[in-house]
Amino acid sequence: MIKNILKSIKAAIISLIVAFLFVLLISCIVIKVSKEKFEMATNLLQIITISENNVQTITPVLEGDVLVNYPTYGSKYANIKIESINVDLPVYYGATYNILKSGVAHDDISYFPGEGGSVVMAGHNFKSFLANLPKAEIGDEILLDTTYGTFKYEIHETKIIDETATEEVPIQKEKEILMLYTCWPINNIGHATQRYVVYANLVEAE
Numbered sequence: 709m710i711k712n713i714l715k716s717i718k719a720a721i722i723s724l725i726v727a728f729l730f731v732l733l734i735s736c737i738v739i740k741v742s743k744e745k746f747e748m749a750t751n752l753l754q755i756i757t758i759s760e761n762n763v764q765t766i767t768p769v770l771e772g773d774v775l776v777n778y779p780t781y782g783s784k785y786a787n788i789k790i791e792s793i794n795v796d797l798p799v800y801y802g803a804t805y806n807i808l809k810s811g812v813a814h815d816d817i818s819y820f821p822g823e824g825g826s827v828v829m830a831g832h833n834f835k836s837f838l839a840n841l842p843k844a845e846i847g848d849e850i851l852l853d854t855t856y857g858t859f860k861y862e863i864h865e866t867k868i869i870d871e872t873a874t875e876e877v878p879i880q881k882e883k884e885i886l887m888l889y890t891c892w893p894i895n896n897i898g899h900a901t902q903r904y905v906v907y908a909n910l911v912e913a914e
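Mapping of the sequence shown onto my numbering: residues 709 to 914, in sequence order.
These aren't lab readings, by the way, just hints derived from the structure by calculation.
Glycine is no exception: its CB is placed at the ideal position from the N, C-alpha and C atoms.
Check each hint, because a few of them may be wrong.
Unchecked claim - Beta-carbon label-pair distances, calculated as ranges:
1) Thr767 <-> Ile817: 16 to 24 Å
2) Ile793 <-> Asp870: 17 to 25 Å
3) Val774 <-> Thr858: 12 to 20 Å
4) Asn895 <-> Glu849: 20 to 28 Å
5) Asn794 <-> Ile721: 51 to 59 Å
6) Ser792 <-> Thr901: 26 to 34 Å
7) Tyr778 <-> Lys867: 26 to 34 Å
8) Asn895 <-> Tyr778: 35 to 43 Å
9) Ser810 <-> Lys843: 19 to 27 Å
10) Ala900 <-> Asn777: 32 to 40 Å
11) Val911 <-> Ile793: 15 to 23 Å
12) Asn840 <-> Val769: 27 to 35 Å
13) Tyr781 <-> Thr858: 20 to 28 Å
Unchecked claim - Distance condition first, Cα-Cα at most 27 Å in a straight line; then the derived DSS-like pairs of lysine-lysine:
14) Lys860 <-> Lys809
15) Lys860 <-> Lys883
16) Lys789 <-> Lys860
17) Lys843 <-> Lys784
18) Lys835 <-> Lys809
19) Lys881 <-> Lys784
20) Lys881 <-> Lys867
21) Lys789 <-> Lys883
22) Lys860 <-> Lys784
23) Lys809 <-> Lys867
24) Lys789 <-> Lys835
25) Lys883 <-> Lys867
26) Lys843 <-> Lys860
27) Lys860 <-> Lys881
28) Lys843 <-> Lys809
29) Lys843 <-> Lys867
30) Lys789 <-> Lys843
31) Lys843 <-> Lys883
32) Lys835 <-> Lys784
33) Lys883 <-> Lys784
34) Lys867 <-> Lys835
35) Lys809 <-> Lys789
36) Lys867 <-> Lys789
37) Lys809 <-> Lys784
38) Lys789 <-> Lys881
39) Lys835 <-> Lys860
Modelling step: build the complete structure from the supplied sequences, incorporating the hints.
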């Protein structure tokens, strides 16, 4: 009887060891694949990233609702301030890995402040960036202090959208609307599939 018990214990131990090794193998494969995908995405972003040291500074000029001398891709051309949530960040033209590490990115397919259309910007949900964006309230002001003028917007709506819902941040020329977004949930670990968007109408321009 003792032999049978010992055999059972031995078989159980072997089964546990095999199961542990199997789980370990699967975990290693998952980690390796995830790492490769992350490195691939990072490399692609870095390929199109422009070094700030090599960016030529161009001063834009607004004539009516048309911007003359657009900023160079990758250059800083403004500061965005949301006093109610203590946000004061640089704004760069374009959306690359390095830009998002440095400040707020201006989507290059959207319009510029003062042009009368959709102004789309994004920033990380890190503590020193846009982690407090969901605390902004309807009626709060967003100030864009650019190299060619100052533009004041007032928040009229906030929304949580899927990352693929591009129709929720439409590019249009009927009305000037600033759409500023960050990843959601704020404390998300890993890839976030949603975005927190703040919509603000232009109320004053200098």
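Hint-by-hint comparison with the structure:
For Thr767 paired with Ile817, a C-beta distance near 23 Å keeps the hint of 16 to 24 Å intact. Between Ile793 and Asp870 the Cβ separation comes to about 24 Å, which falls inside the hinted range of 17 to 25 Å. Evaluation of the 12 to 20 Å hint for Val774 and Thr858 yields a pass: the beta carbon distance comes to about 18 Å. Distance hint check for Asn895 and Glu849: the Cβ-Cβ separation is about 26 Å, which falls inside the suggested range of 20 to 28 Å.
One distance hint, 51 to 59 Å for the beta-carbon pair Asn794 and Ile721, holds here, with the actual separation near 58 Å. Restraint check, Ser792 to Thr901: a C-beta distance of roughly 28 Å satisfies the suggested window 26 to 34 Å. Distance hint check: the CB atoms of Tyr778 and Lys867 are about 29 Å apart, consistent with the given range 26 to 34 Å. For Asn895 and Tyr778, the Cβ-Cβ distance of about 37 Å falls inside the hinted range of 35 to 43 Å, so the restraint holds.
For the pair Ser810 and Lys843, the supplied restraint of 19 to 27 Å holds, since their beta-carbon distance comes to about 23 Å. In this structure, Ala900 and Asn777 meet the distance hint of 32 to 40 Å, their C-beta atoms being roughly 36 Å apart. With their beta carbons about 18 Å apart, Val911 and Ile793 fall inside the hinted range of 15 to 23 Å. About 33 Å separates the C-beta atoms of Asn840 and Val769, a value consistent with the hinted range of 27 to 35 Å.
At about 23 Å, the CB distance of Tyr781 to Thr858 agrees with the hint of 20 to 28 Å. Our distance criterion of 27 Å between C-alpha atoms is met by Lys860 and Lys809, whose separation comes to about 25 Å. Among the hinted pairs, Lys860 with Lys883 is consistent with the structure: their alpha-carbon atoms are about 14 Å apart, no more than 27 Å. Among the hinted pairs, Lys789 with Lys860 is consistent with the structure: their alpha-carbon atoms are about 10 Å apart, no more than 27 Å.
Between the alpha carbons of Lys843 and Lys784 the distance comes to roughly 26 Å, so the proposed pair stays at or under 27 Å and holds. As the CA atoms of Lys835 and Lys809 are separated by approximately 12 Å, the hinted pair is consistent with the 27 Å bound. Between Lys881 and Lys784, the direct Cα distance comes to roughly 24 Å. Compliance with the 27 Å bound is thereby established for this hinted pair. With a C-alpha separation of about 21 Å, the suggested pairing of Lys881 with Lys867 holds against the 27 Å cut-off.
Between the alpha carbons of Lys789 and Lys883 the distance comes to roughly 21 Å, so the proposed pair stays at or under 27 Å and holds. Of the pairs offered as hints, the one joining Lys860 and Lys784 holds, with about 19 Å between alpha carbons and a cut-off of 27 Å not exceeded. Distance hint between Lys809 and Lys867 is fulfilled; the C-alpha atoms sit about 24 Å from each other, no more than 27 Å. The suggested pairing of Lys789 with Lys835 holds, with an alpha-carbon distance near 15 Å, which does not exceed 27 Å.
Distance check on the hinted pair: Lys883 and Lys867 sit about 19 Å apart at the alpha-carbon level, within 27 Å; holds. Between Lys843 and Lys860, the direct Cα distance comes to roughly 19 Å. Compliance with the 27 Å bound is thereby established for this hinted pair. The straight-line distance between the Cα atoms of Lys860 and Lys881 is roughly 18 Å, inside the 27 Å bound, and the hint therefore holds. For a cut-off of 27 Å, the pair hint linking Lys843 to Lys809 stands: about 22 Å separates their Cα positions.
Restraint check for Lys843 and Lys867: the C-alpha separation of about 12 Å stays at or below 27 Å, so the hint holds. Between Lys789 and Lys843, the direct Cα distance comes to roughly 14 Å. Compliance with the 27 Å bound is thereby established for this hinted pair. Under the criterion of a C-alpha separation no larger than 27 Å, the hint pairing Lys843 with Lys883 is consistent with the structure, at around 25 Å. Taking the CA atoms of Lys835 and Lys784, the gap is near 21 Å; set against the 27 Å cutoff, the hint holds.
Restraint check for Lys883 and Lys784: the C-alpha separation of about 25 Å stays at or below 27 Å, so the hint holds. Of the pairs offered as hints, the one joining Lys867 and Lys835 holds, with about 20 Å between alpha carbons and a cut-off of 27 Å not exceeded. In summary, the hint linking Lys809 to Lys789 is supported, as the alpha carbons are separated by about 17 Å, within the 27 Å threshold. A C-alpha spacing of about 20 Å is found between Lys867 and Lys789, which places the hinted pair at or below 27 Å, so the restraint holds.
Restraint check for Lys809 and Lys784: satisfied, since their Cα atoms lie roughly 13 Å apart, inside the 27 Å limit. Between Lys789 and Lys881, the direct Cα distance comes to roughly 24 Å. Compliance with the 27 Å bound is thereby established for this hinted pair. With a C-alpha separation of about 24 Å, the suggested pairing of Lys835 with Lys860 holds against the 27 Å cut-off.
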